[in-house]
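Colleague: Dock chain B against chain A, hints included.
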Amino acid sequence: NAGVTQTPKFQVLKTGQSMTLQCAQDMNHNSMYWYRQDPGMGLRLIYYSASEGTTDKGEVPNGYNVSRLNKREFSLRLESAAPSQTSVYFCAGRQGGRELFFGEGSRLTVL
Amino acid sequence: QKEVEQNSGPLSVPEGAIASLNCTYSDRGSQSFFWYRQYSGKSPELIMFIYSNGDKEDGRFTAQLNKASQYVSLLIRDSQPSDSATYLCAVDSGNTPLVFGKGTRLSVIA
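Heads up: the protein sequence lines correspond to chains A and B, in order. Going by this note's numbering, 29 is the number at position 29 of the first sequence; the sequence numbering is gapless. Going by this note's numbering, 7 is the number at position 7 of the second sequence; the sequence numbering is gapless.
Treat the hints as calculated values from the structure; they're not laboratory data. Treat each hint with caution, since some may be false.
As a list, the in silico PhoX-like pairs of lysine-lysine whose alpha-carbon atoms are at most 25 Å apart [what the hints assert, rightly or not]:
#	chain 1	residue 1	chain 2	residue 2
1	B	Lys2	B	Lys102
2	A	Lys9	B	Lys2
3	B	Lys102	B	Lys42
4	B	Lys2	A	Lys57
5	A	Lys57	A	Lys9
6	B	Lys102	A	Lys57
7	B	Lys102	A	Lys9
Output of the computed footprint for chain A on chain B, the stretches with three or more beta carbons under 8 Å from beta carbons of chain A [what the hints assert, rightly or not]:
#	segment
8	40-54
9	66-80
10	92-101
We put the beta carbon where it would ideally sit given N, CA and C, even for glycine.
Chain B with its partners taken away, still in its complex shape:
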């Protein structure tokens, strides 16, 4: 069974710090990787996706992928209280629905 693991948290970081969110996956054939943010009472919204090994940056967000280690991470620089949310990692192995981790709850303390 394909699995995606995330630390449930809560991960607490001070305002202005870097938040590091991690995700591991079991299917070595996984092809694409997505990070979603979900505020309490709201639906998940896409932050970033990454397909290739290495880093991908978008504003304050950086996704990092290491397929050999089956590891994908999301870095949030200059964390703001508005970044406080649950972050969901999702993995696509092709021809099957995305597999989601249970999410990491991030709390940014002002």
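Excised from the complex, chain A in its bound form:
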């Protein structure tokens, strides 16, 4: 099993460029999540999808959009990247009330 797979693992953008972070899971998770992690700030929830066909804002949704393409895939899009979006992004999945499983992370730098 691959678990939770994120692509790309590293990306450098210029301010104003757009990009999509992809996430796919093969663990039959109903819920999927996108977090960002910055030094001293912990994990902050951007968006989540409690089930296929639904998405909800988390703590820091501004500047991001998401798509739950199907049960396996949950993508995060930056329409116009800003230096403040330089961060490490983690996708995670969860089944019911069980633990979160995280992907390996995507390190994004916006110049």
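Modeller: Using the frame of chain A, we list chain B on its own:
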């Protein structure tokens, strides 16, 4: 707003000692509690979860939960340099995403 508080550390302990990591939470209705370990540059990985008051042991790790005091802790016995990492506490209040603390950085000194 539901909050989870952890001391950011760093918590330094000598090799072989017991490391005690603490977490408090604000939502009295919280139901389940998770401890994650995160090495530098890596993603968080689950160490333990606990649902009921009392202690839960798994190898060198013991999770302790006191719902009346809204307090959960993680004890690491016989600490090893390989335990040096950031430890994240996460709390589940049901029907909402897990709420994470900011983590405690543990340093085990050989």
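Colleague: If a hint holds in the structure, say so; if it doesn't, say that too.
Modeller: Status of each hint after checking the structure:
no., hint, verdict
1, B:Lys2 to B:Lys102, "13 Å, holds"
2, A:Lys9 to B:Lys2, "31 Å, violated"
3, B:Lys102 to B:Lys42, "16 Å, holds"
4, B:Lys2 to A:Lys57, "16 Å, holds"
5, A:Lys57 to A:Lys9, "24 Å, holds"
6, B:Lys102 to A:Lys57, "20 Å, holds"
7, B:Lys102 to A:Lys9, "23 Å, holds"
8, 40-54, "holds (count 6)"
9, 66-80, "violated (count 0)"
10, 92-101, "holds (count 6)"
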